[in-house]
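Visitor: The lines below spell out each chain.
Number of protein chains: 2
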Amino acid sequence: MTASRVLVGDLAVPCREIHLTNGESIRLYDTAGPAILPEGGLPPGRAQWIARRTGDRTPTQLWYARQGVVTEEMRFAAIREGCEAEKVRSEIARGRAILPANRCHPELEPMVIGKAFLCKVNANIGNSRVKASIADEVEKLTWSLRWGADTVMDLSTGPDLAETREAILRHSPVPIGTVPIYEALERVNGRVEKLNIDLYLDVLREQAEQGVDYFTVHAGVRLAHIPLTTRRVCGIVSRGGSILAKWCLVHHRENFLYEHFDRICEVLAAYDVSFSLGDGLRPGAIADANDEAQLAELRTLGELVVRARERNVQTMVEGPGHVPLHLVAENQRLADLWCDEAPFYTLGPLVTDIAPGYDHMASAIGAAVIGSQGCAMLCYVTPKEHLGLPEKEDVKQGMIAYKIAAHTADLAKGQPGARDRDDALSRARFEFRWADQFALAIDPDTARSYHDATLPAEGAKSAHFCSMCGPRFCSMQLTHELREVAEKGMADKAKEFVETGAEIYGK
Amino acid sequence: MTASRVLVGDLAVPCREIHLTNGESIRLYDTAGPAILPEGGLPPGRAQWIARRTGDRTPTQLWYARQGVVTEEMRFAAIREGCEAEKVRSEIARGRAILPANRCHPELEPMVIGKAFLCKVNANIGNSRVKASIADEVEKLTWSLRWGADTVMDLSTGPDLAETREAILRHSPVPIGTVPIYEALERVNGRVEKLNIDLYLDVLREQAEQGVDYFTVHAGVRLAHIPLTTRRVCGIVSRGGSILAKWCLVHHRENFLYEHFDRICEVLAAYDVSFSLGDGLRPGAIADANDEAQLAELRTLGELVVRARERNVQTMVEGPGHVPLHLVAENQRLADLWCDEAPFYTLGPLVTDIAPGYDHMASAIGAAVIGSQGCAMLCYVTPKEHLGLPEKEDVKQGMIAYKIAAHTADLAKGQPGARDRDDALSRARFEFRWADQFALAIDPDTARSYHDATLPAEGAKSAHFCSMCGPRFCSMQLTHELREVAEKGMADKAKEFVETGAEIYGK
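Sequences listed follow chains A and B, in order.
For the first sequence, my numbering gives the first residue as 1, with consecutive numbering after it.
For the second sequence, my numbering gives the first residue as 1, with consecutive numbering after it.
Because the hints were derived from the structure by calculation, they are not lab data.
Misleading hints may appear alongside valid ones.
Since the list gives no way to pick one copy over another, a pair counts as held whenever it fits inside one copy or between any two copies.
[What the hints assert, rightly or not] 20 angstroms max Cα-Cα, derived EDC-like pairs, lysine to aspartate or glutamate: (1) 131 - 163; (2) 131 - 452; (3) 392 - 452; (4) 131 - 458; (5) 194 - 481; (6) 194 - 484; (7) 194 - 259; (8) 131 - 186; (9) 461 - 445; (10) 392 - 136; (11) 131 - 391; (12) 87 - 72; (13) 392 - 139; (14) 461 - 431; (15) 131 - 393.
Start from the sequences and build out the full structure, keeping to the hints where you can.
Guide: Okay, here's the thing in structure tokens:
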């Protein structure tokens, strides 16, 4: 599935246009990307824009935004958001939004992440030592884009890391994120104590050169925070967090990512890779939510946001994790307060621990709520979370749960235009336009097949009832009859009735 | 699957006891009911309690509670809730809780619905003209109980209404609710205008005599409210609501359920059937949420709550529907305010219209949020909502989504003991006790099968990693190593480090 394009000046911006049977149409945001080239990979749509910027020493979107420059990327993202390009520029300049766009990722179709914009969804893919295939990962990428992933993280920890990442990047119209400490650890054969900043910077440079758009960096896991985790029910559940924590304790030294943060910034600034400041101490159990360890790290991340911005590096901040519903909003509030409204990017949060097999649902609840509070991007959780590696169907189920959560957040935030699709679908529902209901649904095939399961006949697609109530009890059909009655003069009577106090027959 | 029993004095109260591999055990609330008798149906556990009350003219739990009497039903429900029986009595007396228990439903295992107690879930079953079988409905009942339904509504609109209901009641350990206007309409062959109060009261008496525990009565759909719905995107979406609205308009008279509300109360009081005051004007689209029509009806329901309570009839109030997330809490607030904290019982709410096929997920978000605000019972929504009749698998998916939502609400409300299961599961997770994780999960079979999908070997059930990270990257395993390091003396150093200001290596 490839997207349609809208031509706006020199920009061909992707969208999905749905033509309804009543002659109306509606345009939806689309992430599926253009068709793959015959020689493989996607067309390098950004190549010319990037080429024109070769003289600039710090070619980050943040740097341009601060100069007052509206880049092509900003214009492109603004068209997708349905807003002015100036809004995108000013939000980036303010640090409330990022536009992850490595200058070595020309295939990218630019998008913007920030609380003033549509709530985004990230899908995780990646192999492990237990299961690995490059083709599988590219397939998972394309599949997650088909279901609306706004960014994709390659969390591979298995073999062929560089080759897998290269294949993903050349096929990705969306920003790709990684956790470079994984590759660093592979290079020292899993011996955490051997990790050091020079090795790490080498990994960053190589991945940046491939085109990775954002790096998760666990620089907030400070030595002093580690004792705060020892009485937790689930300790440290972030892989990156646990690696850095072990390194800190073994050497009894401060986290080298924190110590050498400025050198890390230099690499990211040179390529315009964005930071995703990792929450290595995020809670992995309801019992551990919003605890001292988590909040101490968040304060450190706030400090790092300032340092990164000073170096013109775009920065977002990662958040939890497992959080009971009454503590979810507090996470967004503290992130805004301590991290100066840098885009917040949360994993879920999962609002209970008892739902393995259904953690996409349990976490979509927390995700919708924190999204409605301004969380800029939601990292999806699949049904396999805590249990195994997601397969294709898991990716789809996770994406759908999260597109629902993100859209719920957009409706709650009052994002301009967000309700158009709901209204179009509800009007189709009220008018018994079944085909339009399916077309507007988040998963048209499933909606249609569920309808067919009870009423398979093609005639039922125009029936003025569904199998839930049958013809006699269809409330919508009754409402239509009611309107007819009302139009025959009852409306005036009813109106008069209200005006006279609604008491004529009342008591 | 039948429940274990705890003997407390003369009461054998159902529970599900989970024995963990570390020697601990945990008791969970259980609704599966006792084994079916050889002659069919469930044992009439309440028969003796009821028999002793034959002299009382208004034998409702509300009447007893107001006299200061703690009934066996209240004691039974209190044990399930893990609270004092006096708390159950006082909440019922205050009208903040109901204990639906028709004196003709001796098979009932009593439970209590109210904001001070665990959040409950209702499952809807019932045939339609399109699809009908008595055995199927009893099977759906048992199946929904197996997944934790706290009450079940029989919404049948097809043939054999009385026989289907009888079979359901004789097999139900949970309260059964109905919408009697459906049967009334069947008796006049679907001709809405022929409905009248005498026919309706006949239906009520017959259903009450069978043992129905609560009736949805759409007495709040007043003639004056109907014009308020005409500009809605989705009009009236409640079947009962649309039937009454049509009746009102055709006769241009006030709703006969409203006019004769006191006569209806008499029937309910005589059997101790509880009211579920229907929200016939609930919004069926995001665009229609919290509108004048909905709120006008809610105010009327508040008036009816007072009238019902005066007549010792236990009463809960139904709520929406389709509501965007930012308006969800307002529904609970207004229901509390206008309906004097009568238990609120909502359908979802669905927080977006665009998810047909996934409305169980979309509505579980709204359900969790309103539950956390004190909504007493959540009416489940299945994946087939808006599309077709739920099959067995849909009932399961709907139930699981709603058990997650209700448990999320209990955690957020700080319901005593609610977090025990989360903590037990998270401890099992941290200690790699895979079998215990499965046993504690909301759906053990699915959790186990997802784990097996990547690591099928039995040995993997004790492996100190899972397939998500593999052995090298397992954060939990790293945390265990970290604890070992810490125990070898690093802990003291780290502590000292914090005490000296955490700056030794910091800058």
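Visitor: Output the indices of the hints that this structure fails to meet, ascending.
Guide: Failing hints: none at all.
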